[in-house]
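Required output: the full structure, derived from the provided sequences and hints.
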Amino acid sequence: KPTPESVTQQNKLDPIKASMDCLYAKCTIYITDCVMAELEKLGQKYRVALRIAKDPRFERLPCTHKGVYADDCICERVKQARCYIVATCDRDIKRRT
Numbered sequence: 316k317p318t319p320e321s322v323t324q325q326n327k328l329d330p331i332k333a334s335m336d337c338l339y340a341k342c343t344i345y346i347t348d349c350v351m352a353e354l355e356k357l358g359q360k361y362r363v364a365l366r367i368a369k370d371p372r373f374e375r376l377p378c379t380h381k382g383v384y385a386d387d388c389i390c391e392r393v394k395q396a397r398c399y400i401v402a403t404c405d406r407d408i409k410r411r412t
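Sequential numbering of the sequence shown, starting at 316, is according to the working numbering.
There may be inaccurate statements among the hints.
Using 25 Å as the maximum straight-line C-alpha spacing, the simulated DSS-like pairs for lysine-lysine come out as follows [said to hold, decoys possible]:
no., residue 1, residue 2
1, Lys409, Lys341
2, Lys369, Lys327
3, Lys356, Lys341
The hints are simulated quantities; they were obtained by calculation from the structure and are not laboratory data.
Predicted model, so just to flag it, every value in this text is computed and none were measured.
And the structure:
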């Protein structure tokens, strides 16, 4: 399934610039620790997404929960602080957030 990272890579887009062009505002891209852990577990198939996610311009959000299930982490974080916009191609996350 495509990820926002793979979409930007396929279209040769800079994620920061593409976000700003889409939203007409300054954007800070955040990636949680469990998203990084999940990308690392997925292996070679998602190596490009992992490389993009490690971009030093992106800010890491530490996770305090047990486990590394990224979907639950993202949904809980968004419910707690309604200041995030979730960029995903995942239909389940779209329904939950």
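To see whether the hints hold, each was checked on the structure:
no.	hint	in the structure
1	Lys409 <-> Lys341	23 Å, holds
2	Lys369 <-> Lys327	17 Å, holds
3	Lys356 <-> Lys341	31 Å, violated
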